[in-house]
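Model the full structure from these sequences, guided by the hints.
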Amino acid sequence: MQNAEAVFSSLPYIGRGIPMTLIITTITLAFGALIGLPLALARVYGNRFWAGLVNTVVQTIRSIPLIVIIFIAFSVLSDLQLPAFVAACLSLAIRSSAYQSELFRGAIQSIGPGQMMAARALGFTRIRAIFHIIIPQALRLAIPSWSNEAAVVLKDSSLAFAVGVLEMMRRADYVRARTGNAILTYALVGIIYFLMTFITNRLLDQLDRRLSVPMEGS
Amino acid sequence: MADTKQEIVRIENLHKRYGNLEVLKGVSLSISEGEVVVVIGPSGTGKSTMLRCINLLTRPDAGGIWVSGVEMTNPRADINRARENIGMVFQDFNLFSHLTALQNVTIALTKVKGMKPEAARAKGLEELEQVGLADKANAYPAQLSGGQKQRVAIARALAMDPKVMLFDEPTSALDPELIGEVLEVMKKLAKSGMTMLVVTHEMSFAREVADRIIFMDGGYIVEDSPPDQLFTNPKSDRARLFLSKIESYHRTEGPPMGGRG
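Line order of the protein sequences matches chains U and S.
Numbering-wise, the working numbering puts 78 at position 78 of the first sequence, and it's gapless, one number per residue.
Numbering-wise, the working numbering puts 161 at position 161 of the second sequence, and it's gapless, one number per residue.
Quick caveat, the hints were computed from the structure, so don't treat them as lab data.
Since the model is a prediction, treat every value here as computed from it, not as a measurement.
Hints should not be assumed to be uniformly reliable.
As the list claims (entries may be wrong) - Facing chain U, a subset of chain S residues (Cβ under 10 Å, in silico):
(1) Leu56
(2) Arg59
(3) Ile79
(4) Ala82
(5) Glu84
(6) Met88
(7) Phe96
(8) Thr100
(9) Ile107
(10) Ala108
(11) Lys113
(12) Met115
(13) Met160
(14) Leu166
(15) Thr232
Claimed, not checked - Calculated from the model, a selection of chain S residues having no Cβ within reach of chain U, i.e. all distances over 12 Å:
(16) Asn13
(17) Asn74
(18) Gly132
(19) Gln229
(20) Lys245
Ideal Cβ positions, reconstructed from N, Cα and C, are used throughout, including at glycine.
The structure is reproduced here in structure tokens:
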């Protein structure tokens, strides 16, 4: 294979992109959750106006390709002298908050109405009941689908390469350009993504098991 | 009679409709301190709706409700505070599924009443002891039988030191062999002087424990009598018919697992 050795010796160079990939992923997931959970609450508990507004926004975001969002954010933010890194994180976070709001909404709605009723009967305000009774259950229920979202974000962080963020994919692309061996380079970076996704899912599975309490159907 | 005792619950001319269906057509009722009032009647006659109106889980369309002096139907009333005085036990338990039995009992003590965790824990264990479940303190609801769940739910309500306890068909979701343990706890509670309003189909419990039986039908209180009178000599034809249906059912099916069995 053409220049295989050069590609392999460039592995450490590609590997040095892992921290950046992880940083983008972590920031995205954190902001996605921070925005997604309130959006989910607005959709379930908000009045018609808020629920409708959030629904429209979420559906809109879900209907636009991520790469389009990234290019728009990059164009707007570079006018404001902000780096591509910020544009990439912001785009991924916007998209992830839409998906996370969906998965949190599903989790909240799978909790029976009796839980809220019992809390209110004990004197909990609606807000307190949401925080002390509904959210703790919803977060646990959401872990499996959240784990899936984490894998999606981890992989999609590679799209940041399109605006020049020096993460793993960008580095791989430089190696491809230098060695001319696209197949081997992309295969190797694919394997790295696979391993990272695999490990992430394993860790979240463990978290799921650790936090799980015996639950009955609904 | 109970007239000299303090009035705990007063309901005046309560109305509630769901769309075209008028469930409560003007219900009035007064319950004095320490009274045990059992509500019976055919399904869909507004028994549970009336109960849920008392703590405003269901908002009545018209009428007044007072609980230990607080006018619940006044828009300016602090409903959350007032609900601390009203314990409620549901047909399907509604224990918080992510919390242990003990945590179910203590969470409102710490988060609503603002009690210190240690004090809440002591109080919670005491309440579980009262319903015979101190040994299940660390079990999650999914690990408890239906009867145990309902006893935890009773302990959870009692921990708030309510002025009145509302029971919404507390044994209807239970397997027959688990009904007795819940009724025992309720009998003990009645003997201790708790004011109770109980919607149930357990006629033996009603006969044995109630001070008054209220027979509801078609959105009205049709009869309000002491158990002896209602069961042996009902004034209304509708109550007579209802009781005879229940009796013939029990003759063919055998009595429910009432007392100790």
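Status of the hints after comparison with the structure:
1. Leu56: 9 Å, holds
2. Arg59: Hint on Arg59/S: violated, closest Cβ of chain U at ~12 Å, above 10 Å.
3. Ile79: 9 Å, holds
4. Ala82: For Ala82/S, the interface hint holds, since the closest Cβ of chain U sits about 8 Å away, which is under 10 Å.
5. Glu84: 4 Å, holds
6. Met88: Holds, because the Cβ-Cβ distance from Met88/S to chain U comes to roughly 4 Å (cut-off 10 Å).
7. Phe96: At about 6 Å, which falls below the 10 Å cut-off, the nearest Cβ of chain U leaves the hint on Phe96/S intact, so it holds.
8. Thr100: 8 Å, holds
9. Ile107: Since the shortest Cβ distance to chain U is 6 Å, the answer is holds.
10. Ala108: With Cβ-Cβ at 4 Å, under 10 Å, it holds.
11. Lys113: Hint on Lys113/S: holds, closest Cβ of chain U at ~8 Å, below 10 Å.
12. Met115: Not OK, violated: Met115/S not within 10 Å of chain U, min 12 Å.
13. Met160: With a minimum Cβ separation of about 6 Å from chain U (threshold 10 Å), the hint on Met160/S holds.
14. Leu166: 8 Å, holds
15. Thr232: Result: violated, 36 Å to nearest chain U Cβ.
16. Asn13: Asn13/S clear of chain U: closest Cβ-Cβ about 24 Å, beyond 12 Å.
17. Asn74: It holds; Asn74/S is separated from chain U by about 17 Å at its closest Cβ, greater than 12 Å.
18. Gly132: Nearest chain U Cβ is 21 Å from Gly132/S, so the label holds.
19. Gln229: 33 Å, holds
20. Lys245: It holds; Lys245/S is separated from chain U by about 30 Å at its closest Cβ, greater than 12 Å.
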